[in-house]
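K.L.:
Dock chain B against chain A, hints included.
Number of protein chains: 2
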Amino acid sequence: MESKSFFSFIAIAFLLLITWTHLPHAPSPEADIPTLLDCASNSPWCTSKNRFQSKPSASTSNRRRRRHESAVPRHPLDPLTVQEFNKVRSILSSHALFKSTSSYALHSVDLEEPDKEFVRKWEKGQPLFPRIASVVARANGVTHVLTVNLETNEVNVQNTAPPTGYPTMTIEDMTSSTWAPLSDPKFNRTIIERGVNLDDLACLPISLGWFGKKEENRRLIKVQCYSMKDTANFYMRPIEGLTVLLDMDTKEVVEISDTGRSIPIPKAANTDYRFSEQKLQQEAVLNLINPISIEQPKGPSFVIEDEHLVKWANWEFHLKPDPRAGVVISQAKVRDLDSGVMRDVMYKGFTSELFVPYMDPTDAWYFKTYMDAGEYGFGLQAMPLDPLNDCPRNAYYMDGVFAAGDGVPYVRSNMVCVFERYAGDIGWRHAESPITGMEIKEVRPKVTLVVRMAASVANYDYIVDWEFQTDGLIRVKVGLSGILMVKGSEYENMDQVEGQENLYGTLLSENVIGVIHDHYITFYLDMDIDGSDNSFVKVNLKRQDTSAGESPRKSYMKAVRNVAKTEKDAQIQLKLYDPSEFHVINPTKKTRVGNPVGYKVVPAGTAASLLDHDDPPQRRGAFTNNQIWVTPYNRSEQWAGGLFVYQSHGDDTLAVWSERDRPIENKDIVVWYTLGFHHVPCQEDFPIMPTVSSSFDLKPVNFFESNPILRIPPNVEKDLPVCRPAASA
Amino acid sequence: MESKSFFSFIAIAFLLLITWTHLPHAPSPEADIPTLLDCASNSPWCTSKNRFQSKPSASTSNRRRRRHESAVPRHPLDPLTVQEFNKVRSILSSHALFKSTSSYALHSVDLEEPDKEFVRKWEKGQPLFPRIASVVARANGVTHVLTVNLETNEVNVQNTAPPTGYPTMTIEDMTSSTWAPLSDPKFNRTIIERGVNLDDLACLPISLGWFGKKEENRRLIKVQCYSMKDTANFYMRPIEGLTVLLDMDTKEVVEISDTGRSIPIPKAANTDYRFSEQKLQQEAVLNLINPISIEQPKGPSFVIEDEHLVKWANWEFHLKPDPRAGVVISQAKVRDLDSGVMRDVMYKGFTSELFVPYMDPTDAWYFKTYMDAGEYGFGLQAMPLDPLNDCPRNAYYMDGVFAAGDGVPYVRSNMVCVFERYAGDIGWRHAESPITGMEIKEVRPKVTLVVRMAASVANYDYIVDWEFQTDGLIRVKVGLSGILMVKGSEYENMDQVEGQENLYGTLLSENVIGVIHDHYITFYLDMDIDGSDNSFVKVNLKRQDTSAGESPRKSYMKAVRNVAKTEKDAQIQLKLYDPSEFHVINPTKKTRVGNPVGYKVVPAGTAASLLDHDDPPQRRGAFTNNQIWVTPYNRSEQWAGGLFVYQSHGDDTLAVWSERDRPIENKDIVVWYTLGFHHVPCQEDFPIMPTVSSSFDLKPVNFFESNPILRIPPNVEKDLPVCRPAASA
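Going down the list, the sequences are from chains A and B.
Letter by letter, the first sequence follows residues 90 to 818 in my numbering.
Letter by letter, the second sequence follows residues 90 to 818 in my numbering.
Excised from the complex, chain A in its bound form (with noise of 0.2 Å):
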C-alpha cells in the first residue's frame, strides 16, 4: 500500500516536474484566490503537502481556512500572514528581478521583526510598525536578500551576496531531488541491478557539506535510495553504497558513485513499526497498563491571545512557528509577586542550529554532516503533532502558515503544542523530622507550562520543550527518537567481524549498520534581565586550601566571580573538575540585600564534538567547538551556523563572530548554548528509537528577592476532578 502510494507520489512528481520546467513560476491569478490554503495550486509541495496532514474534519478545516484567511497581525513579531504572503508573491512576481526570468524560487519568506528598542517600547493598543516581509530568492541561479515593504510595496533587494553557501533548501528541492535520478538510465538500471523494482524505490535528498573544490560554484545534492518493498521503514533498506551526486538547480545527474554491489540489502522482516503491523497476539504484552491522563476538567490556566500571546500563571510570552528555526519564544517576562511587575527575561529564544555529524569516513558516508535548521528547515520538517500522544489531552494546538517555493502560502495544522503538565513532581517540600520533633509536613505540587513541537528530518525526530515553571525556571530539552540512518553491510553477526571498531557503528540487525553520530543543538537567548543591558559572569568555584593554623579543614570550595569584559572571556568549556556557574545579570539593578539581579544557564548531560577543527565538517560546525558563547546582540547574527549554511566553507558562524571579540560588558547581549549528544547505536534502536532527552535549564538567581512560590497552594483532595473510565471501556 505504502509502495502504491509512494508509486502515485513518483508519477506525480514527473508530471509536476514538466510543469516546473516548462511553466513560467510567475503565480496565476487564481493563486491569490483563498482555497489555495488547501493547496489546489501549482505548487509541487503544496499539493503533495496535503497528502501527510491528519485530515481535520470538513469542519474544523473551514473553521481553520476561515481563520487563517482573515488573520491579521496584532503584535509587531506576529508572522506573516496568508494575507501578506500573498501580498509578497504578487509584488515580487512583477519585480524587475523575477518577472522576466523563467523559473525562479523563494528559499524563505518570513517577517523582517522591527527593531528591537521598538518592539520592547510597544504596548497593546498602539500601531503596528511597518510590516516588511524578508525574503530569500534564487533567479537564475543567483541568491537574493530583499526586504518587501508590505505597506509602500517597496522592495529592497540587499547587495549582501552570501560569502559562501546557499540557502535553505526549499521542499521543492528536496521533493524534486528525490525522483531526478531517475530521469538517468544508469541510475535506473543500476537500481534494477540492485534487484529492487523502480516503484519500490524511496530515495533521501542528502545535503552534502563541503570539502573543497568539488562542492563549490554550483548548488549540489547527493540522493541515496533504500527498498521499499514489504515495510515501510524503507530506512531500514538501504541500498548501500549508491550514491547520486545532483546539480539540485538543472537536476542533472552529475555523478553516480555505486562502492556497495557486493552488499546486500537487509530484510524487511521486523522493520515494520506502525501499530497496524503488529502482531496481534504479541499486542497484550504491553497493553497492561490502565488508562492514565493529564486531567483538567476545569479547562487550561492559559490564555493566548491574539493567536501568540501566551498568559499562564506569572509568565508572559511571544509564541510564533518559523520555518528555519521551528518554534521562537520572544519577549518572555515572568510576574514580581511583590511587585506585581511584569520583569523581562528573555527578549527571544530559538534553535539557531543543529549539527550531525556522522562517524563513516567511507564514500556513502564521510559527507553526512547535517545541518538541519540552515540546510533543510527545522519549522519546514514539523509535522502535524499526534494529539494524545505527543501531547496530552489537555494541549491546545498552533498552526504555521509557511510559504512554498513558489510564495503561495500554505498551513502547516497542529504544528506546535501548549500545554500545562503535572508529572507528581514536588515544587518544594519541608518535613519536620524526629531531630526537632515539630508537626510540620508542607509540600507544593509542581505544575509546569510546555510548548512543543517535533520535527522530522527524514529518518530523525526531533522533539523541542520549552517549560516553564512557576519559580521563574526555564527549561529547554531536547528528545531524539525517530528512526536510524543505517549502512547496509555484509555482516550477519559480529563473530564475522575483526575490529569492532572499525565497523563505524554497530551491527543492529543481520546485514544492517547502527553508524556512530552526534547531535548538537545550538540555541539563540537573547536574555534580557529587567532590561536589555546586561553582563555575563562566570562564577568560578575553586578549592582554597586553608593556611596552617587557619582550621582543622585543609581545603574549601570558593565562588570567585569573574566578569566577562568580552567575547573572548565567555568562550566556555564545561569541565567537571573546573566548575562555574554562568550567570547573566543585570549590573545595574541589585535586590534589597544587594546582589545582581540575574538568571543563571544550567547544564545538565550533554555531549562536546571531539572532532579536529580544521576537519572540513567541524569548521561549518565551529559554532559547537564551545558549549557557551556570549555575543553582543547584532540582529544579523542569529544563525549560528550562517545565514547560508548550505555548502558554506564555515566563514559565517558564531564561531567567527565571536573571534572579534567584541565588549559584551553592559551591553546587550546574547547567550548561545549548545546542547550535545553522542549516539552509539544499540539493537534497542531498531526498528525505531525510544526517546532519548538531555536539557538545560535557565534559572533565576537572586533574580527574586525570595521563594517566588511560596504562596503556591497544596492539592487537596475537594478541588481534584471526579473520573470515570470511558464510557466505551
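Don't take each hint at face value.
A pair counts as met if it fits within one copy or between any two copies, since identical chains are not told apart.
Unchecked claim - Straight line, CA to CA, 20 Å or less: simulated EDC-like cross-link-like pairs of lysine to aspartate or glutamate:
no., residue 1, residue 2
1, Lys678, Asp634
2, Lys210, Asp757
3, Lys566, Glu341
4, Lys176, Glu240
5, Lys643, Glu305
6, Lys400, Asp425
7, Lys400, Glu212
8, Lys643, Glu304
9, Lys387, Glu806
10, Lys631, Glu590
11, Lys303, Glu639
12, Lys566, Asp786
13, Lys627, Glu590
14, Lys368, Glu396
15, Lys678, Glu599
16, Lys631, Asp701
17, Lys643, Glu590
18, Lys631, Asp658
19, Lys756, Asp622
20, Lys566, Glu556
21, Lys302, Glu639
22, Lys275, Glu639
23, Lys678, Glu581
No wet-lab data here; the hints were simulated from the structure.
P.N.:
Frame of chain A; chain B shown alone:
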C-alpha cells in the same frame, strides 16, 4: 503555638531523661503487647514520634495496626516484622551482653539477608530460609555486631570491632542531644545573654566528623541552636557561633564555644513557609492554576504481592524500606517480550551513603561534613509522605517498620509511595516528512512507574525516585528541597562586604548567609545482567584521524571497548572531552547478531568534590573521589563510607576497598555511582528551596534484540477517562 509544643517536648524529654538514666532498659513485659505499635511505650523516640505522624483516621490506623501486628515474612528479603523485632528484643534482653548492663541501645536491627545465591534460586511457595536479624548495639560504651537467629534463638557475637567510627545514631541519641545542653547553667546563661528565651530554643545535633585526636575515643556530637520566636522556620534564626560539644553517651557538656556574640539573630519576618501563615491577599497571585491531576479511573496497573513484590507492565522487583538506606530495590527483572521470560537486571540497588560538606572553614562550620545515611539514618529520617502533594492521587503507600533504640518496633506510615507517571512525554515517535511524502505518523506516550521516598535530615529534604520505564530503562533521580543551613552575619547588605569570596556564601536576607556546600549521593548498584557474573566495559569515544587520501574527512569518532580487568580499571572520572559509555555486560550471553547483552550507566548533570584528598572530610568521603567504581560482590561491602561512619577516619570506605584492585572481569560485580550537586545558595532559596533535581540512568544496551516497546499501543480518546470538576469546586 510551635514554641509551646516545643516547650512541652522539652518537658517530656526531661521526664524521659530521668526514665532513661534511672530505669534499666530491659523491656517491661507489656513491651510485647501489640499496642506498642502505637508507641504507648517507654521509648522516648516512639513517644515523641507519634506526634509527627499525619493522623490517619482511627479505622485506618486500626487496619494498619492489625496488618503490621499479623505480618509474616513471605519472601527471603522481606524486612523484619513486628513480631520478629519483638522476638529479637526479648532474646537480647536476656543475653549476657545486655542482661547485666543498666543501659544499652540497639543502633540498628535489620534483616540479615540470606546468601545471594540462595535468594536467587528461591521461588515462591518454597520455605523461607532461617530468619536472622543483624543487630548493631552499644552496651557500656562498647559497640557490638551480632546476629540473632529467630528460629534457634541463637545469638552470634561477631568479633568485628569497628576499626574506627561509631554506629548510626539512634533517634534517642539525636533527640536527647538536643536538650542535653540545657542541663548546663553556662549554656543557659549564654542563651539568655543572646536574648533568647529557653522556651523559644530549638537545637540540632550535628555530627562532627573527624579531624584528629580531639574526636577520638569518645562518642561526641556538636549542638547548635536557633530561636523559634515568631516562626516555625527556626533554621533562619541561628544563634550564630555558639557550639556545644557533647558526649553522646554521658550527655555531658565537654566544651562550649561561643564566637558569635556580636552577630544578631536574623529577624523572623518572611521566614515562615507554612501555607497557613501566608498573607491571604497575596494568595490569589499563584492560585491561577486550575486543578490538574494524573487520573487512572480504572486504577493503577501494578500489583504489590505479599506487601513487597511489585509487578508492573514488563517489570518486577522487591521493594522494602530500610532504616539506613531508605528504600531498597531488590531482584529487579524485566520481561523479554520475545521469549516472555523475566530477565535479571539488578540484584540490589539503594542509596549507600551521602556526603554533604559545607565550605566554611571557621570554628562553627568547618566540621559540617554530613554523611546522612551512616550518621543519621536516611530511612529513619524519611517522614510520612503527603498524599496529593508528595505523590499524585493514584499513588500506593508503603509503611516502614523499624526498631527504636530500645528495640521496640514502630511504624513509619506512608514512608514510600509507588505510582504510575504520565507526564505528557513521548516513548517513541516518527512522522514521515515532506521529503518522502509518505502518510505516516506513529507516536507512543511514555508511562512509567515511580518509587519515591523523601528524607528530612533536619533542615534538608531529599526526594529519591526510582523510575522504571517499559523500554527497560531505570532512572534514579534525587531532588533537593527543604531549608538551607544558614549562617548568621553582621552584614545587612552586600555594599558592606569587601571580597564576597570571603563570605563563604551568599547574603540571602539581612544577617543571613547561605553557605556554599555540596551534596553527593552514592548509589550501590549490584547489577546482574542475565545472571550474576558480569564484566564492566568502558566504551571510550575517541577521535580517529584519517590517513592521507583515505577520505575527504580529516577525522571521525570511534568507539573503543576496554574490558576492565581489575577495580582500578573501573575508577572513573567523567570528562566531557574524553567521553565513554559505561557498560555492564554478560560476557557469556550474546544477542542474535552477536553483541554481548548489557546495561549502561548513563550519567547526566553531576558535580565532583574539589576538596583536597587528604582533607579529613574528603578522606572520610573518599567514595566520592570517582563518579563510578566497580567492585567484586562482597556482602560486607555495602556502605560506601564504611559500616561505622560516625567519627570514622575513612579507613573503611569504597575507596579503600577499591585500592585492593581485585579482579572484576566476568565476576559478580557491583557498580557504584555518585550523583553530585554544587550548591551556591541564592535568594530564591530563602526561606525554603524550590526543588533542584538530577538523575542518572541504567539503560539497556543490546540487552533486547530490538526496541522492546514496539508493540505498546497509542492513546485513543475512547480509552481515556471522563472527568468533571469536583462537586464542591
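K.L.:
Determine for every hint whether it applies to the structure shown.
P.N.:
To see whether the hints hold, each was checked on the structure:
With identical chains, the CA atoms of Lys678 and Asp634 are never at most 20 Å apart, being 33 Å at best within one copy and 50 Å at best between copies. Only within a single protomer do Lys210 and Asp757 lie at most 20 Å apart by alpha-carbon distance; the minimum there is 15 Å, versus 66 Å between protomers. Proximity of Lys566 to Glu341 under the C-alpha cut-off of 20 Å is found in neither arrangement, the shortest distances being 41 Å within a copy and 55 Å between copies. Within a single copy, Lys176 and Glu240 get their C-alpha atoms as close as 10 Å, which meets the 20 Å cut-off; across copies the closest is 90 Å, which misses it.
In this assembly of identical chains, the alpha carbons of Lys643 and Glu305 lie at most 20 Å apart only when taken from different copies (19 Å versus 61 Å within one copy). In this homomeric assembly, Lys400 and Asp425 come within 20 Å of each other (Cα to Cα) only inside a single copy, at 14 Å, whereas the closest approach across copies is 46 Å. For the identical chains of this complex, Lys400 and Glu212 are intra-copy neighbours only, at 15 Å inside a copy versus 57 Å across copies, given an alpha-carbon limit of 20 Å. Taking CA atoms no more than 20 Å apart as the test, Lys643 paired with Glu304 passes between copies only; the shortest distance there is 16 Å, against 60 Å inside one copy.
Taking CA atoms no more than 20 Å apart as the test, Lys387 paired with Glu806 passes in both settings, with 15 Å inside one copy and 18 Å between copies. Taking CA atoms no more than 20 Å apart as the test, Lys631 paired with Glu590 passes between copies only; the shortest distance there is 11 Å, against 38 Å inside one copy. In this assembly of identical chains, Lys303 and Glu639 lie within 20 Å of each other by CA distance solely across copies; the values are 16 Å between and 67 Å within a copy. Proximity of Lys566 to Asp786 under the C-alpha cut-off of 20 Å is found in both arrangements, the shortest distances being 9 Å within a copy and 17 Å between copies.
When the C-alpha separation of Lys627 and Glu590 is checked against a cutoff of 20 Å, the pair qualifies only between copies, where the shortest distance is 13 Å, while the shortest distance within a copy is 39 Å. Neither within a single protomer nor between protomers do Lys368 and Glu396 lie at most 20 Å apart by alpha-carbon distance, with minima of 43 Å and 35 Å respectively. Proximity of Lys678 and Glu599 under a CA criterion of 20 Å is satisfied inter-copy only: 18 Å between copies versus 63 Å inside one chain copy. Taking the shortest Cα distances, Lys631 and Asp701 sit within 20 Å of each other only across copies (11 Å), while inside one copy they are farther apart (30 Å).
Only between protomers do Lys643 and Glu590 lie at most 20 Å apart by alpha-carbon distance; the minimum there is 17 Å, versus 45 Å within a single protomer. In this assembly of identical chains, Lys631 and Asp658 lie within 20 Å of each other by CA distance solely inside one copy; the values are 18 Å within and 28 Å between copies. For the homomeric pair Lys756 and Asp622, the shortest alpha-carbon distance inside one copy (4 Å) is at most 20 Å, but the shortest distance between copies (59 Å) is not. In the homo-oligomer, the alpha carbons of Lys566 and Glu556 lie at most 20 Å apart both inside one protomer (8 Å) and across protomers (19 Å), since each shortest distance falls under that limit.
Proximity of Lys302 and Glu639 under a CA criterion of 20 Å is satisfied inter-copy only: 17 Å between copies versus 66 Å inside one chain copy. Taking identical chains as interchangeable, the C-alpha atoms of Lys275 and Glu639 are never at most 20 Å apart, the minima being 82 Å within one chain and 27 Å between chains. Taking the closest pair of Cα atoms, Lys678 and Glu581 come within 20 Å of each other only across two copies (17 Å); inside a single copy the shortest separation is 65 Å, beyond that limit.
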